[in-house]
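For this one, chain A is given, so just place chain B on it according to the hints.
So the protein sequences, as listed, match chains A and B. All letters in the first sequence, in the order written, are residues 1497 to 1735 by my numbering. All letters in the second sequence, in the order written, are residues 1497 to 1735 by my numbering.
Mixed in with the good hints, there may be bad ones.
Any copy will do: because identical chains look the same in the list, a pair fits if it lies in one copy or spans two.
Okay, derived cross-link-like pairs now, SDA-like style, lysine to any residue, Cα gap no bigger than 20 Å in a straight line [what the hints assert, rightly or not]:
(1) 1734 x 1526
(2) 1703 x 1675
(3) 1584 x 1715
(4) 1584 x 1718
(5) 1734 x 1694
(6) 1703 x 1676
(7) 1734 x 1691
What the hints contain is simulated information worked out from the structure, not anything from laboratory work. Since the structure is predicted, the reported quantities are computational estimates derived from the model, not experimental observations.
Number of protein chains: 2
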Amino acid sequence: MSGEKLRVVLVAPRNPLNIGAAARAMSNFGFFDLHLVNPYEVAFREARSAVHAGAVLEAAREWGTVAEATAGCKLVVGTTAVGHRELKHTVRRLEAGGALIRAALAAEEPVALLFGSEKFGLSNEDMSHCHWLMRIPAREEHGSMNLGQAVAVCLYELIRMETGGVSMAPAPGKKLADAAMVERVADLLTEALNESGYVHSDSTPVKVRRLVMRMGLGPHDAEVLLGMVRQVLWKVRKG
Amino acid sequence: MSGEKLRVVLVAPRNPLNIGAAARAMSNFGFFDLHLVNPYEVAFREARSAVHAGAVLEAAREWGTVAEATAGCKLVVGTTAVGHRELKHTVRRLEAGGALIRAALAAEEPVALLFGSEKFGLSNEDMSHCHWLMRIPAREEHGSMNLGQAVAVCLYELIRMETGGVSMAPAPGKKLADAAMVERVADLLTEALNESGYVHSDSTPVKVRRLVMRMGLGPHDAEVLLGMVRQVLWKVRKG
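So that you can see chain A by itself, here it is in the shape it has in the complex (with noise of 0.2 Å):
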């Protein structure tokens, strides 16, 4: 499997520790992609200060937006330790989950692991940029789990020796387009749509990129669909 290939995105950490804290698990698995979305400055600052920051926290990327972090990627997969809030999205056990990642990984496509802010966890508006949810299995009755944590504990189910004889044979995967793609599609089809005076809310844009996800377009699939919302925006305005 190929480490290289699997971005961390941390969105909105707030706390410096946990920064450290997840560059470190990232280190001791061999992983080394770090990206951050909308840090909090000061934490940011302080763990790349501290003694132990070491080469991953030095190479960290910071962006303002989700689509900006996971841009290139064909897979993008969001973490959450609960289980009861009402998910718009597949939601797989880590287990199974970490399964799909590692194909996609064998297979040299890149990934993005997503994980949200200690206090909030992912929002809806950063889930809508993801193709499925893994589920960390911890007690629902104790709610979220430490971010360091959480991130150890993922990623060393990706590095994971399967000691259950063959191994499960993951799934041929399908090939996807990639996040920066499937932005456009949405981003155009919602223009369109908005010219067309579809009932509008804040939502849409968001319900429009579940949508467009949901459908698991291939590249080549993805190009001809923008084609397609392309001509139909073009005539639209010129109307």
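Just chain B, lined up with the frame of chain A:
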């Protein structure tokens, strides 16, 4: 598996945050029996008085020796993230050792799982109380793991569900929109494309239908998409 039979033993922990993190990981994964051997007094006190200390820390017991802390256990296992030290003991990777511990717990045998101090790990004297050692498969280059993360990863391995091939089949049959509905979406989309001047050939309707088929729309998504296309088509015609 009975979580009650597992005793988590922290030997000479120094940092209150780590003690708290270990307790939190235990609660997350359903283990409640925490023991400390010669903790740094101030650290233990601080950990207990922390806001999120919770029941595990409150009930934690303190001992002067490893022998006392492990008394009555049928199986005593030491943990290490380091492989290169000259170890007199059998060392098992976490995946394999975890299976043995699960088996012991399933047989209602009390098990102690030892974690060493943040700085030095378990001493030779500590290890001499262990039946064998369990190694978390972290990169050797990186050195030791964070204590709270080590506890989280080991406990996760214990509660991990064996997926053994069976289950990771591609999510239990998603419900699909019926053929007539797919047809309507495809027809309307083809019409919108025609009216927008999308390059047309005789095969366009077929291509559009195939594309929509590949989206694997659920019943609700099909309705939503149909509504969207209808609105855009209305606008295109009106324009």
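Checked hints:
{"no.": "1", "hint": "1734 x 1526", "result": "neither (53 Å within a copy, 58 Å between copies)"}
{"no.": "2", "hint": "1703 x 1675", "result": "within (16 Å within a copy, 24 Å between copies)"}
{"no.": "3", "hint": "1584 x 1715", "result": "between (24 Å within a copy, 14 Å between copies)"}
{"no.": "4", "hint": "1584 x 1718", "result": "between (22 Å within a copy, 16 Å between copies)"}
{"no.": "5", "hint": "1734 x 1694", "result": "both (17 Å within a copy, 14 Å between copies)"}
{"no.": "6", "hint": "1703 x 1676", "result": "within (17 Å within a copy, 24 Å between copies)"}
{"no.": "7", "hint": "1734 x 1691", "result": "both (11 Å within a copy, 12 Å between copies)"}
Consistency with the previously given hints fails for number 1 only.
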